[in-house]
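Student: The sequence shown begins at -19 in our numbering and counts up one residue at a time.
Just so you know, the hints here were simulated from the structure itself, not pulled from any lab data.
Incorrect hints may appear among the rest.
What the hints assert, rightly or not - Here are the simulated distance ranges between beta carbons:
id: 1; residue 1: Ser41; residue 2: Pro(-1); range: 15 to 21 Å
id: 2; residue 1: Asp43; residue 2: Lys98; range: 30 to 36 Å
id: 3; residue 1: Pro35; residue 2: Gly74; range: 27 to 33 Å
id: 4; residue 1: Arg13; residue 2: Val66; range: 30 to 36 Å
id: 5; residue 1: Ala91; residue 2: Ala64; range: 17 to 23 Å
id: 6; residue 1: Lys78; residue 2: Arg31; range: 15 to 21 Å
id: 7; residue 1: Glu70; residue 2: Ser46; range: 24 to 30 Å
id: 8; residue 1: Gly10; residue 2: Leu95; range: 30 to 36 Å
id: 9; residue 1: Gln90; residue 2: Asn32; range: 17 to 23 Å
The model shown is predicted, which means the values in this text are computed figures rather than measured ones.
Every residue gets a Cβ at the ideal spot worked out from N, C-alpha and C, and that includes glycine.
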Amino acid sequence: MKPRRCKHSTDFDLFLEFPATKTHLAELLGVSRSTLCTWENIAFWRIESFRNAYPKAHDGSIDRESPLSPYQAWVLSRVGRIMAQVRRSERVKGYILKNPNDFSRYRYQQAFQQLQIKKRA
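Let the hints inform the model, and build the full structure from the sequences given.
Tutor: Below, the structure is given as structure tokens:
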């Protein structure tokens, strides 16, 4: 993988209020689009809720070309943080399998609600 444009780009969870293309999300996370696609592929095959967040095409297949939801962007920011810490995709895959709740939609909603509470305070 190429070096990150911004070393600290995945230090915090990313919360978006709108769907984002992979290109835009890669810019926000300070990585190349190919790096983001690698992270997306890791998440797609290991996190069911991430996979289910994609819209379905008219034939019932998953539309992986559609913009990513705010939940999916949050997951990828977490995958990027773990990748920065452990440096190997096999270790990231193992972490996800051992800690699936760290990437759940419920955990995302909890974190998002905490952010909203802090904004109001």
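Student: So the hint says 27 to 33 Å: do the beta-carbon atoms of Pro35 and Gly74 match that?
Tutor: Holds, since Pro35 and Gly74 (Cβ atoms, about 30 Å apart) stay within the stated range.
Student: Are Lys78 and Arg31 spaced within 15 to 21 Å by their CB atoms?
Tutor: holds (19 Å)
Student: Should the hint that Arg13 and Val66 are 30 to 36 Å apart at their CB atoms be regarded as holding?
Tutor: violated (22 Å)
Student: Using the Cβ atoms, figure out if Gln90 sits within 17 to 23 Å of Asn32.
Tutor: Given a distance of about 19 Å, which is inside 17 to 23 Å, the answer is holds.
Student: Hint says 24 to 30 Å; check whether the CB-CB distance for Glu70 and Ser46 agrees.
Tutor: Distance hint for Glu70, Ser46 holds at roughly 28 Å.
Student: Given a hinted range of 15 to 21 Å, is it respected by the beta-carbon distance of Ser41 and Pro(-1)?
Tutor: holds (19 Å)
Student: Determine whether the Cβ-Cβ distance between Gly10 and Leu95 falls within the hinted range of 30 to 36 Å.
Tutor: At roughly 21 Å between Cβ atoms, Leu95 and Gly10 fall outside 30 to 36 Å, so the hint is violated.
Student: Given a hinted range of 17 to 23 Å, is it respected by the beta-carbon distance of Ala91 and Ala64?
Tutor: holds (19 Å)
Student: Evaluate the given range 30 to 36 Å for the C-beta pair formed by Asp43 and Lys98.
Tutor: Between Asp43 and Lys98, where Cβ atoms are some 34 Å apart, the hint holds.
Consistency with the previously given hints fails for numbers 4 and 8, ordered from lowest to highest.
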